[in-house]
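Visitor: Sequence:
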Amino acid sequence: MTQVRSSRNVLCVTLCLVLNILLKVSEGFVNDEGLVLLEFENGIEDPLGKFKTWNVADPTPCNWTGVSCDDNAQVMKLLLPNAQLFGHISPGLSRLQHLKILSLPENRLMGSIPSEIFSMESLWKLNLTRNEFTGIIPNGSLPSLRMLDLSKNALAGSIPPELFRNCTKLRYVSLANNQLIGSIPSGIGTCPVLVGFDFSSNNLQGAIPRVIGNLPSLLYISLERNSLSGQLPGELGSCSSLQYLDISGNLFFGELPTELKRLSNLSILAMQENFLLGSIPAEVLYLPSLQYLHFQAGCNSLQVLDISENNLIGTLPTTIVQCSQLRFVNISHNQLSSALPANLGLLAVLHTLDLSNNQLSGNLPAEIGDLNQLAVLRLGENAINGPIPPDIGKLEFLQILDMEGMKLEGSIPLALTNCRFLLELHLSNNSLNGTIPKQLNNMRYLRSLQLHQNMISGSIPHQLGDLYNLEYLDLSCNRLTHEIPSSLGALKHLKYFNVSYNMLTGQIPRSGFLQKFNSSSFFGNPSLCGLPLILQCTPFSSTPELPIPLLPRPRVLTVSAIVAITAAVLIAAGVVVVTFMNIKVVKGQKTELLVYESSHLSPEADIIVGKLVLFSKSIPSKYEDWETGTKALLDKECVIGSGPLGTVFKATLDGGLSIAVKKLETLGQIKTQDDFEQEIGLLGNLKHKNIVTLQGYYWSSTTRLLLLDYIATGSLFDHLHGQARTQRILCWGRRFKIALGTARGLAYLHHDCKPRVLHFNFKSTNILLEEDFEPRVSDFGLGKLLPILDTYTSTKKFHNSLGYVAPELACQSMRLTEKCDVYSYGVVLLEMLTGRHPVENSDADVIVLCEFVRAAFEAGRGSSCIDPTLRSCPEAEIMQVLKLGLVCTSQVPSRRPSMAEVVQVLELIKSPIHSREASS
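Residue 414 in full-length UniProt numbering sits at position 414 of the sequence shown, and the numbers go up by one each step.
Incorrect hints may appear among the rest.
Said to hold, decoys possible - Derived DSS-like pairs (lysine-lysine); straight-line CA-CA distance at most 25 Å:
#1 Lys495 x Lys883
#2 Lys883 x Lys910
#3 Lys100 x Lys152
#4 Lys611 x Lys687
#5 Lys125 x Lys169
#6 Lys516 x Lys910
#7 Lys100 x Lys77
#8 Lys689 x Lys910
#9 Lys407 x Lys438
#10 Lys50 x Lys169
#11 Lys100 x Lys125
#12 Lys152 x Lys169
#13 Lys689 x Lys754
#14 Lys438 x Lys492
#15 Lys492 x Lys516
#16 Lys407 x Lys495
#17 Lys495 x Lys152
#18 Lys100 x Lys50
#19 Lys689 x Lys611
#20 Lys125 x Lys152
#21 Lys883 x Lys516
#22 Lys394 x Lys438
#23 Lys50 x Lys152
#24 Lys169 x Lys77
#25 Lys495 x Lys516
#26 Lys77 x Lys125
Stated by the list, open to error - Label pairs and their in silico Cβ distance ranges:
#27 Glu121 x Ser68: 15 to 23 Å
#28 Ser217 x Gln891: 32 to 40 Å
#29 Glu121 x Val211: 21 to 29 Å
#30 Gly43 x Thr168: 43 to 51 Å
#31 Pro59 x Val211: 48 to 56 Å
#32 Asp70 x Gln891: 48 to 56 Å
#33 Ala339 x Gly182: 40 to 48 Å
#34 Ser241 x Pro47: 22 to 30 Å
#35 Ser863 x Ser68: 51 to 59 Å
It is worth saying that the hints were derived from the structure and are not from the lab.
From a predicted model like this one, the values you see are computed outputs, not experimental measurements.
We treat Cβ as the ideally placed atom computed from N, Cα and C, and that holds for glycine.
Assemble the whole structure, with the sequences as input and the hints as a guide.
Guide: Printed below as a string of structure tokens:
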């Protein structure tokens with residue numbers, strides 16, 4: 001019995017051991033946290049094999065790749081950076097109750113970020129940067145969070161305010177390079193230990209919250225490349241620890257707050273590409289820690305100064321020369337005046353100096369030659385005058401010299417040829433004379449030589465043929481004589497060559513690379529012959545038998561100009577009595593000028609007492625033609641249009657003559673009758689087949705009228721988008737004719753008129769079309785009649801100008817030049833060739849035409865933008881014109897061509913097919 005009992009005990013023990021072993025086997029799977037991670041792995045593709053160590057048979061995941069645990073084997077960290085993981089994040093990760101760090105940067109994770117992640121109370125650090133997440137940032141509060149980085153994804157929507165409602169431990173947050181909209185939540189001011197935040201490269205709007213001043217621990221603020229606006233809050237000066245501040249590329253305006261002078265620890269300040277106004281604040285000049293100032297600088301440690309593309313006025317601060325460590329200075333595209341500081345040579349380590357596109361004046365100081373480390377010198381588009389100082393030849397390491405569009409006089413100094421490392425030499429659009437130094441061949445590395453639009457004489461030195469690397473050579477519009485040296489034919493890298501409008505003679509070299517350029521490179525030299533010109537040389541001489549230019553000389557003028565806004569339509573109403581002497585005086589003039597002063601009225605007559613001036617003999621001037629007064633001239637049944645200046649009426653006079661009458665409803669900056677007559681009188685003598693002629697004007701104390709040609713066929717807008725579209729199709733030939741004619745009309749206003757006439761309201765509704773589709777530009781030269789710009793741009797009548805307005809005009813930076821018209825013309829080109837409106841509303845977004853076309857070109861889909869009705873037309877020509885439209889709509893005005901250059905480009909594109917189609 002004892003043995004049996006003993007055997008039974010052994011069997012029980014054995015069975016217990018077996019059961020324990022089986023139980024252990026059944027328990028051989030990983031714990032609950034491991035199962036959560038395996039659930040995460042299940043939704044991810046792992047091309048690098050990071051999950052190979054993730055074994056289901058392990059008791060814990062603590063030894064798995066990317067996983068770290070605490071002493072109690074609880075998962076604390078999940079770190080899988082740059083692992084090429086592809087897929088979606090499992091919301092189950094939120095069940096890791098002790099997880100402190102979730103870091104999955106630089107992968108290919110996609111979809112929405114699970115909202116459950118933003119409910120994890122244990123999380124210290126969340127890093128999902130450089131993935132492909134979409135959707136919105138989840139609402140949620142992370143009370144233990146120290147660091148959040150969601151940058152460089154495709155997240156949309158606004159920044160949730162909940163993110164900053166429980167942020168007592170948050171030290172750094174980055175949401176940069178997403179597609180976020182809305183404003184910066186004011187709750188960010190409740191994060192007491194916040195050290196830095198980066199919201200750059202989004203679409204955020206609104207102002208910087210003033211509560212930012214509640215964060216004394218802030219070291220880093222980056223807000224560049226958004227649409228933030230308003231004035232900078234003075235509370236920024238309370239961020240006493242701040243070292244880095246970048247608000248560049250926004251819409252901030254006004255002056256810098258003087259409170260910034262309290263930022264004694266600031267080392268980097270970037271504020272370029274805004275609309276900051278006023279003089280450069282002296283308070284910011286001497287911040288003791290400042291090393292990089294992208295707005296203004298003044299301390300000894302400062303190395304970079306960039307205040308470009310603002311609207312700063314006043315003088316260039318002479319204290320700049322005290323910044324002895326400056327290496328890069330960019331103050332371009334402002335409105336600074338005064339002369340250059342004479343002691344610039346104190347900037348001994350300066351590498352780049354860009355003062356272009358300002359209003360600087362005076363002579364170039366000889367001390368500029370003391371900048372012996374200078375490599376880039378840009379002074380173009382200023383009012384600097386006088387000679388080029390020979391001391392500039394001391395700049396041994398100079399690579400780029402841009403003095404284009406100034407008022408330089410004298411000759412090109414021989415000493416300049418000592419700058420043997422020069423890559424670009426731009427001296428165009430000045431008043432330089434003398435000859436081209438043959439020693440320019442010392443500049444063996446020269447790639448661009450631009451001397452056009454000067455008064456340079458003599459022959460073209462054959463030594464220029466030694467400039468083997470030359471890619472751009474423009475000697476046009478000078479007084480050069482003799483033959484073109486055959487040595488220039490050896491310049492095989494030339495991409496652009498122009499010697500037009502000189503006094504060159506003889507035969508164009510037939511050998512070499514000059515023959516690859518078309519005839520426009522040689523226009524305007526009556527005694528030049530040979531291909532590619534049609535004018536052939538005689539068999540016995542290299543000079544042409546008949547020195548007659550083949551083509552009429554086009555208008556080649558320098559800078560573009562643009563007229564002021566809206567059109568002119570006017571007629572005189574009212575009974576006016578004309579004295580015999582007035583009539584006699586007028587009859588003796590070439591231009592018909594009839595002035596009537598009203599001296600008597602009957603009480604019953606509905607007429608205007610005032611002054612009528614007629615420029616045209618076709619308009620009847622007799623009393624009876626005007627006696628019906630304003631009711632006949634301004635009949636509400638005859639309204640044909642309206643705009644920011646007023647309403648346009650069609651009026652039919654005796655004899656059947658129709659005219660367009662514009663009743664002005666605003667005078668803008670015009671205050672008196674004399675001012676009005678001075679402005680309008682300048683327009684009376686303008687005659688060109690591509691502009692609408694002003695026939696006369698009328699002034700009284702209550703009524704002002706403009707009288708214009710009446711064009712019955714309608715506007716380009718009507719033919720592209722309105723009822724006229726279905727009546728007369730705009731084929732490619734007709735559109736090209738409109739493009740070229742319109743460009744010629746604007747070029748006439750910009751370049752042939754003295755003073756030049758600008759438009760500032762150019763759009764397709766202001767291009768009227770004759771029966772043969774010859775375009776007539778209207779509404780030019782009336783800029784001073786417009787309302788004040790800031791109120792004008794917000795009026796309902798301005799809505800149809802949206803999309804046409806150049807950035808510098810729309811944003812009221814007030815750097816208004818003829819390039820505003822060039823921008824608007826470029827938009828019209830794109831509108832005409834795509835059939836689209838300049839701005840269109842889709843279900844998801846607002847489409848801006850020039851941005852839409854530019855994006856298509858960059859993606860290689862440019863042809864997809866073409867109006868479907870033009871698909872059977874010559875695509876190569878259409879694409880060339882489309883590209884011209886993109887160049888004209890460049891954001892930077894200096895990169896846009898002049899209207900004279902636009903005409904030249906279109907004339908080069910023109911082919912016989914246009915004339916055939918235009919007649920169809």
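Visitor: None of the hints should be skipped; say for each whether it holds.
Guide: Hints and how they fare:
no., hint, verdict
1, Lys495 x Lys883, "holds, 18 Å"
2, Lys883 x Lys910, "holds, 15 Å"
3, Lys100 x Lys152, "holds, 22 Å"
4, Lys611 x Lys687, "holds, 23 Å"
5, Lys125 x Lys169, "holds, 11 Å"
6, Lys516 x Lys910, "holds, 18 Å"
7, Lys100 x Lys77, "holds, 6 Å"
8, Lys689 x Lys910, "holds, 19 Å"
9, Lys407 x Lys438, "holds, 24 Å"
10, Lys50 x Lys169, "violated, 32 Å"
11, Lys100 x Lys125, "holds, 6 Å"
12, Lys152 x Lys169, "holds, 24 Å"
13, Lys689 x Lys754, "holds, 18 Å"
14, Lys438 x Lys492, "holds, 20 Å"
15, Lys492 x Lys516, "holds, 10 Å"
16, Lys407 x Lys495, "violated, 28 Å"
17, Lys495 x Lys152, "violated, 39 Å"
18, Lys100 x Lys50, "holds, 21 Å"
19, Lys689 x Lys611, "violated, 28 Å"
20, Lys125 x Lys152, "holds, 17 Å"
21, Lys883 x Lys516, "holds, 22 Å"
22, Lys394 x Lys438, "holds, 19 Å"
23, Lys50 x Lys152, "holds, 23 Å"
24, Lys169 x Lys77, "holds, 19 Å"
25, Lys495 x Lys516, "holds, 9 Å"
26, Lys77 x Lys125, "holds, 9 Å"
27, Glu121 x Ser68: 15 to 23 Å, "holds, 19 Å"
28, Ser217 x Gln891: 32 to 40 Å, "holds, 37 Å"
29, Glu121 x Val211: 21 to 29 Å, "holds, 26 Å"
30, Gly43 x Thr168: 43 to 51 Å, "violated, 34 Å"
31, Pro59 x Val211: 48 to 56 Å, "holds, 50 Å"
32, Asp70 x Gln891: 48 to 56 Å, "holds, 54 Å"
33, Ala339 x Gly182: 40 to 48 Å, "holds, 46 Å"
34, Ser241 x Pro47: 22 to 30 Å, "violated, 44 Å"
35, Ser863 x Ser68: 51 to 59 Å, "holds, 54 Å"
Taken one by one, the earlier hints fail for this structure at numbers 10, 16, 17, 19, 30 and 34, listed in ascending order.
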